[in-house]
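Undergrad: Here's the letter readout for the chains.
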Amino acid sequence: MPDLPGSDARPLLDVAELRTTFHTAVGPLVAVDGVEWSLSRGARLGVVGESGSGKSVMSRSIMRLLPKSRVTSTGNVSFDGIDMMSLGRRELLEMWGPQLAMVFQDPLGSLNPVMKIGKQVGEGLRVHRDLSARAARSAALDLLEEVGIPEPHRRIDEYPHQLSGGMRQRIVIAIALACSPRLLIADEPTTALDVTVQAQILDLLEAERAERNMSLVLITHDLGIVAGRTDEIIVMYAGRIVERASTKTLFRDMKMPYTEALFRSIPKVTDDSHARLEIIGGQPPTMTSLDPGCKFAPRCKYAQDLCFAEEPALIEVPTPSPARSRITGSDDDGEPDVGADTHLYRCFYPVGTDDAAEALERNIASGRVSEAGVVIRTD
Amino acid sequence: MAGSGNAHLRPDALLSARDLVVEFPAAGGRTVYAVSGVSLDLAEGETLGLVGESGCGKSTTGRAILQLPRPTSGTVQLAGQELTELDEDAIREVRPRLQMIYQDPISSLNPRRRVRDIVAEPLFIALENVSRRTAMAVWQERIGELLQSLLRRAAAPLRIVGRLASVAFVLWILSETVEDRAAEGWLGWTQVPAAIIGFPTLALLLLAGAIALLGGLIWVLLAVMLPFGLMSRQFGEVSSAVGLAGVVVTTGASAFMLWRTWSSFGGWAKWLNSGGLILLTAVLAVWLVLSLAKPERAGASGVATTLSAMVVLQVFYVAGLDGGIKLAVLVASAVVDALLFRWVLRRYRVNRDAERERAEPRVREVLEYVGINPDDAMDRRPWEFSGGQAQRLSIARALVSVPQVIICDEPVSSLDVSVQAQILNLLEDLKNLMGLTLVFIAHDLAVVKNVSDRVAVMYLGKLCEVSEPDAMFEEPAHPYTELLLAAIPQPDPEAELGSGRIGGELPSPMDPPSGCRFRTRCPHAAQRCIDEEPEMREIAPGRFVACHTPLVGETAPVRVETASASRGES
Ligand SMILES: Nc1ncnc2c1ncn2[C@@H]1O[C@H](COP(=O)(O)OP(=O)(O)OP(=O)(O)O)[C@@H](O)[C@H]1O
Ligand SMILES: Nc1ncnc2c1ncn2[C@@H]1O[C@H](COP(=O)(O)OP(=O)(O)OP(=O)(O)O)[C@@H](O)[C@H]1O
Ligand code: SF4
Ligand code: SF4
Ligand SMILES: [Mg+2]
Ligand SMILES: [Mg+2]
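Protein chains in written order, with our numbering: chain A, 1 to 379; chain B, 1 to 570.
Simulated from the structure, these hints should not be mistaken for lab results.
Warning: the hint list may mix true and false statements.
To be verified - Partner residues aside, some chain A positions facing chain B, computed with beta carbon under 7 Å:
id, residue
1, 51
2, 269
3, 352
What the hints assert, rightly or not - Here are the simulated lysine to aspartate or glutamate pairs, DMTMM-like style, with alpha carbons at most 20 Å apart:
id, chain 1, residue 1, chain 2, residue 2
4, A, 268, B, 475
5, A, 268, B, 474
6, A, 119, A, 142
7, A, 116, A, 146
8, B, 431, B, 368
9, A, 68, A, 80
10, A, 116, A, 158
11, A, 116, A, 91
12, A, 116, A, 94
13, A, 268, B, 468
14, A, 268, B, 482
15, A, 268, B, 492
16, B, 431, A, 272
17, A, 268, B, 428
18, A, 116, A, 142
19, A, 119, A, 91
20, A, 68, B, 12
21, A, 268, B, 470
22, B, 431, B, 19
23, A, 268, B, 453
24, A, 68, A, 91
25, B, 431, A, 142
26, A, 268, B, 494
27, A, 119, A, 130
28, B, 431, B, 511
29, B, 431, B, 12
30, A, 68, A, 94
31, A, 268, A, 311
Said to hold, decoys possible - Partner residues aside, some chain A positions facing chain B, computed with beta carbon under 7 Å:
id, residue
32, 25
33, 52
34, 80
35, 105
36, 167
37, 191
38, 196
39, 199
40, 223
Here a beta-carbon is modelled for each residue, glycine too, at the ideal position from N, C-alpha and C.
Kindly produce the complete structure, drawing on both the sequences and the hints.
TA: If you want it as structure tokens, here you go:
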């Protein structure tokens, strides 16, 4: 994305044409397909999307933390001018921790089951900061306290299995924050946390960002979190970015039908219990044998013949949308306004346009979509 | 909260847990009071939501219901059957009816196995339970557990003893016997390293009174466990083969060395031959039979290792005999081997394949239920899936055996809202269709509200409030519930960030506060809350609260005071 005047000339992270393919038994699986975005210092990017759409693989590709065999990853990832793709193992080890850190989605799996948690939290500090065992321990203690682990003095000498799911998740966050990274990629960091602890953790990340200008990529399914805690959002589907916009614009003026459908499925506390939840009908695409055309087409209520034949490109909103001027106008609250002016989407019949309304009408007339806007035939 | 009392329980429940207590030992001889007297019940087809602060004991409660581990005290009844009194085998028989979806989806799935087997596993257990649970299977497991715990405890001393013994052994060979024996022509230079390498087995054989027995068992155990040790999710498929090959090679090599060395010793070789090896062979045979009685558990590599070890041992045994007997034994053992192999292969492969085949349609069906494409997924391993996909595999696995009750620990936390909606709708349908009963542990309160018929709020190992969800979300009755609900983030960028933070720290479960456990953070706490533990009581129809001054139902809080309540704990 083009940088705004006033922000640092170069983005901290620049991802271009990132493509990661797993060579599975049933053929190549392109988990991330030509993803492009960049992130300024101190900016907060939210990543949302279908389960299996490539969010975690994208982050691991950026971090260069993919499995060693049966996978190829190509493209450009530049972190503060350093070409991540060309780094060797040793250089990467130096980057992980103080430069980039990641909170993995599976807390139990990313902790060592036979090492006391204090040691695991302090390990990075010992390696990167040359701290003594003692200093690392006391730093670890502070970190445990910061992430809200009750009784840190006792917990520091416990093993992962002795902690509750939410505590383990906070340990993983503490490990990632230990070396004060410049970029933190947090993959579903709060799934095991109750709302109050979740708020506390998000506040902590916010404080890190405000104090040290840390950049944050927040991958989450909780749209309540991205709403309040990010500046810009990427929506992913089938390994692709299908929409990208500033948070406020996206929530108010989404263009991509998948985004619209996703937001409609949010269960609301105000709904009655047992209210039927709206779903996106049909199945997600089989990643090993993708059809040509828009990957969302079989499940899209606006889809036309064109959508099945040809894949739409990621394009910018043609005319300045009202939301856009609103954003620029209201962005004087000290929040970084990076990227707030870019709204990209991938769709032939964007939501809210006359084209889309006509397309929907045609689909209802042909019986593919019900009167209520539900896709009946997902072919 | 932090109340006890069972006012909220009903007589006709399908699952009923009373006064569950779970305590864990902590460092310094102290105790973690993770769950302290939680009572829950579920009518058939009902969903009970269980919410509360991270670390308050939700997962522990769920697992205690499943007897994993067994609660320190309290009772759990499933359809009138008391689970806490059942032995391990009886519990295992109950499991297909009572399933759990674990909190860490990826880590809770065996990384070495394919999806088709992982999802089908509860079915195998179910089949096995009805058709071929044998006393042998029980024994195999007991021996397995015993040996594992023995080995865990003995690992360090054994290594030391092993090393000392190996040094002593080598010295002994070198100092005392090399020359003599070499003169006798049995110890060529090649045999020294052979003796050393072949030693671990031999040393173990020599160790105690029941040398052969102990050594053999440990050896086999090590061999059986080696592939599991080598295995980790990064290696996956490759290392199954590598591990197996490693076992076969090491087994073969050490056996060969053992044989070379042993055949050179005249005297005690006879003894080993007649006593030790027979015993060892017998033990192996028993082990083999036992592992066959339950092939799903033993695993292919275990069976293969045991078999190869047995054959190798037979070779020694036969080689050590004289003349005519040798021939007879050779023929007999060959026949036995052939029969055994045939039996093993038949039983193992055929049974397994047949079971798999029978299970396949069902596995496909449940995978489709949870939105995973079976053609794509059946032959992959858990770590090849995204977090949300792995979570759905766990759900499929829990559904496959058509259980009566599922305890779901954060079952949809890794799913995007649309897949989540699909899963929640699915659970709702199954509930209506087959009376599925659920305990639903989750942090997303909107989700809990959507699925639950009753919601139980927990705090520090005790229950605060049990209510019907619409009323609870409308008007929380317990001060903790109120704070919890106030902190829900809104999916709206313009909304204020959740302001309802609970001040203060979660008190230590090793040293819970007296009286009401929430009193250290409760904005309404009074002296009485310190002195007296509140009892669960009904403040409105279907609403049970353990608080002295609930926020709903302005009836005099003293009204339901009973002698037992005012006794309290402090
Ligand atoms: N090691 C692997 N081998 C083969 N395929 C893989 C592997 N890891 C991930 N995949 C596949 O790549 C795709 C993207 O996975 P990824 O983990 O990035 O999804 P995600 O967007 O993070 O989803 P979730 O929200 O469920 O975590 C999925 O279809 C997944 O099955
Ligand atoms: N094996 C164990 N040994 C010692 N303590 C344990 C063990 N398992 C759990 N605990 C302790 O018991 C308490 C309750 O843990 P539990 O996992 O039930 O919490 P939870 O309510 O599920 O929390 P979360 O929402 O974070 O998953 C915690 O203090 C935890 O540290
Ligand atoms: S309208 Fe067409 S291009 Fe747009 S999302 Fe639907 S199927 Fe894809
Ligand atoms: S008012 Fe008293 S009894 Fe009620 S929750 Fe607060 S501290 Fe507990
Ligand atoms: Mg993921
Ligand atoms: Mg838990």
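Undergrad: Please write out, lowest number first, the hints stated earlier that are contradicted by the structure.
TA: 3, 9, 11, 12, 19, 20, 22, 25, 28, 31, 34
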